[in-house]
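**Student:** Got chain A; can you put chain B on it based on the hints?
Protein chains: 2
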Amino acid sequence: MAQPDIKNLVTEIARKAKKNSYSVMKLSTTIKNNVLADVAKGLRQEADAIIEQNKKDLTLAEEKKLSKAMIDRLMLDKNRIEGIAKAVEEIINLEDPAGQMTKMYKRPNGLKIAKVRVPIGVIGIIYESRPNVTIDAFSLSFKAGNSVILRGGSESFHSNMALSAIVLGALKKNKIPESALSYIPVTDRQSVQELIQLDEYVDLIIPRGGPGLIKAVTENSRVPVIKHDKGLCHIFIDAEYDTQNAIDIVLNAKIQRPGVCNAVETLLIHKDFKDKKAIIDALVNNNVEVRCDKTLQDLNPKTLPATDEDWDTEYLDYIISVKQVNSIDEAIEHINTHSSHHSESILTKDYKNAQQFLDEVDSAAVYANASTRFTDGGEFGLGAEIGISTNKLHSRGPMGLEDLTTQKFIIWGNGQIR
Amino acid sequence: MAQPDIKNLVTEIARKAKKNSYSVMKLSTTIKNNVLADVAKGLRQEADAIIEQNKKDLTLAEEKKLSKAMIDRLMLDKNRIEGIAKAVEEIINLEDPAGQMTKMYKRPNGLKIAKVRVPIGVIGIIYESRPNVTIDAFSLSFKAGNSVILRGGSESFHSNMALSAIVLGALKKNKIPESALSYIPVTDRQSVQELIQLDEYVDLIIPRGGPGLIKAVTENSRVPVIKHDKGLCHIFIDAEYDTQNAIDIVLNAKIQRPGVCNAVETLLIHKDFKDKKAIIDALVNNNVEVRCDKTLQDLNPKTLPATDEDWDTEYLDYIISVKQVNSIDEAIEHINTHSSHHSESILTKDYKNAQQFLDEVDSAAVYANASTRFTDGGEFGLGAEIGISTNKLHSRGPMGLEDLTTQKFIIWGNGQIR
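Heads up: the sequence lines are chains A and B, in that order.
Take 1 as the starting number for the first sequence in the numbering used here and just add one per residue.
Take 1 as the starting number for the second sequence in the numbering used here and just add one per residue.
Looking at chain A on its own, in the form it has when it is part of the complex (with noise of 0.2 Å):
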């Protein structure tokens, strides 16, 4: 597709989700449930057909030689189809934040002022691979009350526009407007940096990907951004803790699932912690690669001396950075400074030590006595989760529902002027 072609196609696309917008936006909760409720069904109904568009894209995939771990995120079978279905079905349970009245006063002229949640309007997310996204993105969005455009990976392609047309199905069925989602189909990453530019008729960017993705979206895009960044989390031990709980802790939060976000990534623990052998053990034990500063190498010959850059590194993997640190102060200067500001924890007998942690540390969660593997929507109770929020603003940490509405002022008055 020539250039122009594209951003006139992306322009399009948003220009009449924009205008199409307030329509959807106004929807009840109960036309919005009927809707989802007919995207869980059709998703049961079209198995067979969402499968075969999806071997489509797993042919591409090994042709390309895709890895193992990423062809297994694309593969769509009747199960995987079903848990799609079933997270739609928990979003239709779930409370609708549009038209909750978070605050409401009376004024001493007689204005009657209440600050209600709203839609946000249209939301563009940009995703790779997993095309589970295509589905989850859209019903969270959309029982918000907005409108979303979605611009997924070129490895998922045929899947997405199979989910895709799930969705379309059933706004036509509830005849609501089809540009309640929008799939972007083309896979130029031209079209990327042209949604990312269209702040007239785009509220808020959604990136969910790799660091790559991350960087050139936030790094260009004149409409807000909510990215789902890294998480370098952490772990201090302080000077008494438990040995088997701090073992089981910090073995939970770095191997139940190296792979996600909310694993930790560096432990810090206190010089006056009497175990510090056994918690390293336990981690070359359980097959984790453990890098060391200087004062803790000797306590295990299967550890590796830590650099500079271990301080500053997401593994995502099998290895954990370990350093002593001389007080709590320096710990948490240290997780300031080199945190990605997503989950940390504190392991501690002390309450002081225990609130002075809670208070200082800048992340978005902030645990004592608990694995960081909890910072998730489900986790905390929030419900479905849109991902993990590494903004300050707006949104932080686990992002559901209430998240994807913004606020406006609405005022009853009865003549009053100023």
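Keep in mind the hints are simulated off the structure, nothing from the lab.
Please note that a few of the clues may not be correct.
Identical copies carry no separate label here, and so any pair may be met within one copy or between two of them.
Claimed, not checked - Cut-off 25 Å, straight-line C-alpha distance, at most; resulting in silico cross-link-like pairs (PhoX-like, lysine-lysine):
no.	residue 1	residue 2
1	K215	K227
2	K352	K115
3	K112	K352
4	K7	K215
5	K115	K103
6	K64	K103
7	K175	K352
8	K19	K230
9	K56	K68
10	K215	K19
11	K103	K227
12	K26	K352
13	K64	K106
**Tutor:** Only chain B this time, still in chain A's reference frame:
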């Protein structure tokens, strides 16, 4: 100053502000209030010295032949300095948002989760002309626990430096890192461009000024921006409403202070409203230039014809555009298409139409039967405001102390793993 020097200077200011911001974030409300009290005291004590520096700016302004209005905005005298000091004391009396818990709940696994307001960190504020912003913007941001980097306009440079010196004195007296306030002592535009690239150190940019500044900042910033942009506000007079009330509200919204963002710029009148002429006559008789669409042009010989451009123009002057509409739906569609999504009002006797307008107009503040001029932090009872956000994300409408914080999750566990 050579360009690499500006880059180094701004980067170093921001790096230091970020580094010290963690100790500013944890200041108690008492200490923050002590600093603000010392700022107010310093302003009164040093009023003469401030006025002397201000005179330098005024002399330069006259040499540059700036407009009378511009020079008036620049001018500081004892009264105005007393006003600035009083505004600081009002901020002392506002509740500190940092530390407020907006949610707290216990999960089935025993984790106690709180969502708590915390300072954003480092806020860069780029502003023009009025020197009082130096104190207002610092005081409000600091009260919420933030460090502030200011970059004021060249025309108020000497005044801003004198005012910053008062703040630095108050910080020093209270043994707080002086980087809680950094004033960029360079008026070259490059300093703005450098500041908005520093997303590693700066958490939020707030531009306050004309459309040129807003555009330059939003289009190039890598730091999230909350803009305080134009207000193209509408009033819609429905088929039935008391004529005198309508005249009072329209005049108030247009001429009580025409140069502000919550003044009305476009009036929509339902075709069945009987006293269209009375409304237009009242505007004309109050020296407002009335630009009418075809259907209304014959009502008063002094009106001018409106062009398409008028529906997208913020006059900030004694000018208003007036359009007849056939229905409330047409009014809402016109507003959602042409508005800057700031403030809009419906004047109606009809219950259903009032609710429809409040529900469907996608603006920061939507009124029934009141003047748009109330969109203001003070009038809404939020206390002082740092501006009126035309963003949809994070903050929308009058932006007070609460919106100068972000939130984080705090989790108390007792050994939970996943």
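**Student:** State for each hint whether it applies.
**Tutor:** Hints and how they fare:
When the C-alpha separation of K215 and K227 is checked against a cutoff of 25 Å, the pair qualifies both within a copy, at 9 Å, and between copies, at 23 Å. For the homomeric pair K352 and K115, the shortest alpha-carbon distance between copies (20 Å) is at most 25 Å, but the shortest distance inside one copy (37 Å) is not. When the C-alpha separation of K112 and K352 is checked against a cutoff of 25 Å, the pair qualifies only between copies, where the shortest distance is 17 Å, while the shortest distance within a copy is 44 Å. In this assembly of identical chains, K7 and K215 lie within 25 Å of each other by CA distance both inside one copy and across copies; the values are 21 Å within and 22 Å between.
Taking the shortest alpha-carbon separations for K115 and K103, both the intra-copy value of 5 Å and the inter-copy value of 17 Å come in at or below 25 Å. Within a single copy, K64 and K103 get their C-alpha atoms no closer than 54 Å, and across copies no closer than 48 Å, so neither meets the 25 Å cut-off. In the homo-oligomer, the alpha carbons of K175 and K352 lie at most 25 Å apart only across protomers (24 Å), although the nearest pairing inside one protomer, at 59 Å, exceeds that limit. In this assembly of identical chains, the alpha carbons of K19 and K230 lie at most 25 Å apart only when taken from different copies (21 Å versus 35 Å within one copy).
Taking the closest pair of Cα atoms, K56 and K68 come within 25 Å of each other only inside a single copy of the chain (16 Å); across copies the shortest separation is 70 Å, beyond that limit. Proximity of K215 to K19 under the C-alpha cut-off of 25 Å is restricted to the inter-copy arrangement: shortest distance 24 Å between copies versus 29 Å within a copy. Taking identical chains as interchangeable, the C-alpha atoms of K103 and K227 lie at most 25 Å apart only when they sit on different chains, with a minimum of 24 Å there against 28 Å within one chain. In this assembly of identical chains, the alpha carbons of K26 and K352 lie at most 25 Å apart only when taken from different copies (15 Å versus 49 Å within one copy).
For a Cα distance limit of 25 Å, the shortest separation of K64 from K106 qualifies neither inside one copy, at 64 Å, nor across copies, at 48 Å.
Hint violations for this structure: numbers 6 and 13, all remaining hints satisfied.
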